[in-house]
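Those sequence lines, one after another, are chains A and B. Residues 1 to 83 in the working numbering are what the first sequence lists, from first letter to last. Residues 1 to 141 in the working numbering are what the second sequence lists, from first letter to last.
Derived from the structure by calculation, the hints contain no laboratory data. Note that this is a predicted model, so its numbers are computed, not measured. By construction, the Cβ of each residue, glycine as well, lies at the ideal position given by its N, Cα and C atoms. Incorrect hints may appear among the rest.
To be verified - Computed list of chain B residues with no C-beta within reach of chain A, every gap over 12 Å:
hint, residue
1, LEU3
2, PRO24
3, THR29
4, PHE39
5, ALA40
6, HIS45
7, PHE110
8, LYS133
To be verified - Below 30 Å or equal to it, Euclidean Cα-Cα: the simulated DSS-like pairs (lysine-lysine) are:
hint, chain 1, residue 1, chain 2, residue 2
9, B, LYS133, A, LYS10
10, B, LYS133, A, LYS56
11, A, LYS10, A, LYS56
12, A, LYS60, A, LYS19
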Amino acid sequence: MDIRLDDLRKLLVENCMLKVEPAEIAEDMPLFGPGGLGLDSIDAMQMTLAVEQFYKVPIKDPATAREALQSLGTLRDWLRRNA
Amino acid sequence: MSLTPHGPGFSFIDAIDLLAGDPPRLRATKWLDPAMGFFADHFPHRPVMPGVLIIEMAAQASGALWGRLSGSESSNPIAFSLAQVLDFRLRHPALPGDTLVCEVEMEHDFGALAQFVVVVTLAGRDDVVARGKITLARPAP
Numbered sequence: 001m002d003i004r005l006d007d008l009r010k011l012l013v014e015n016c017m018l019k020v021e022p023a024e025i026a027e028d029m030p031l032f033g034p035g036g037l038g039l040d041s042i043d044a045m046q047m048t049l050a051v052e053q054f055y056k057v058p059i060k061d062p063a064t065a066r067e068a069l070q071s072l073g074t075l076r077d078w079l080r081r082n083a
Numbered sequence: 001m002s003l004t005p006h007g008p009g010f011s012f013i014d015a016i017d018l019l020a021g022d023p024p025r026l027r028a029t030k031w032l033d034p035a036m037g038f039f040a041d042h043f044p045h046r047p048v049m050p051g052v053l054i055i056e057m058a059a060q061a062s063g064a065l066w067g068r069l070s071g072s073e074s075s076n077p078i079a080f081s082l083a084q085v086l087d088f089r090l091r092h093p094a095l096p097g098d099t100l101v102c103e104v105e106m107e108h109d110f111g112a113l114a115q116f117v118v119v120v121t122l123a124g125r126d127d128v129v130a131r132g133k134i135t136l137a138r139p140a141p
């Protein structure tokens, strides 16, 4: 499956209600913690649900979500392996 | 005995039924006693249940479902916290003497958080009072 970074940016902005332009989110920008987008655990859950609906692939547990959602780049890599 | 961790003055559930099926579901009911205090002032001469309390009922029903799925005793319900209210629509008023029926389905269990889809109707009628999603958080250990 073709995993496009722009689709992931759009999913992130729409589901986490971010006030940034999708194009401003770099592939390696941390989604959580200082120096990143500053997402919280509720954002992580919303993004998990959005990814599941869009790509029809379940993120089955919080540990997998933490691994996949470090950045958009790690999420794209995880989806390429699992979608 | 209250079916939720709240005191009797803030419990919006009278009865609970676990429903068979996958994903897990629960039905909670609440009779709206005309003597409930908020009806006197919301609004004078035109009593209607505040929408935020309908959402509170939805949150309590969600907590009741998550608690049972977590194996908690009904005599010692877990005090989950309301973390998010999403996509709620309030479509029909709930009036003194109505019985609300809240059906809740777990959409996703995320460990420390869980999201639920909720539909509130009036007993014996098809009117949808409210629908939306609730996210709850487990209490810190």
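In ascending order, which of the hints set out earlier in this document are inconsistent with the structure? 7, 8
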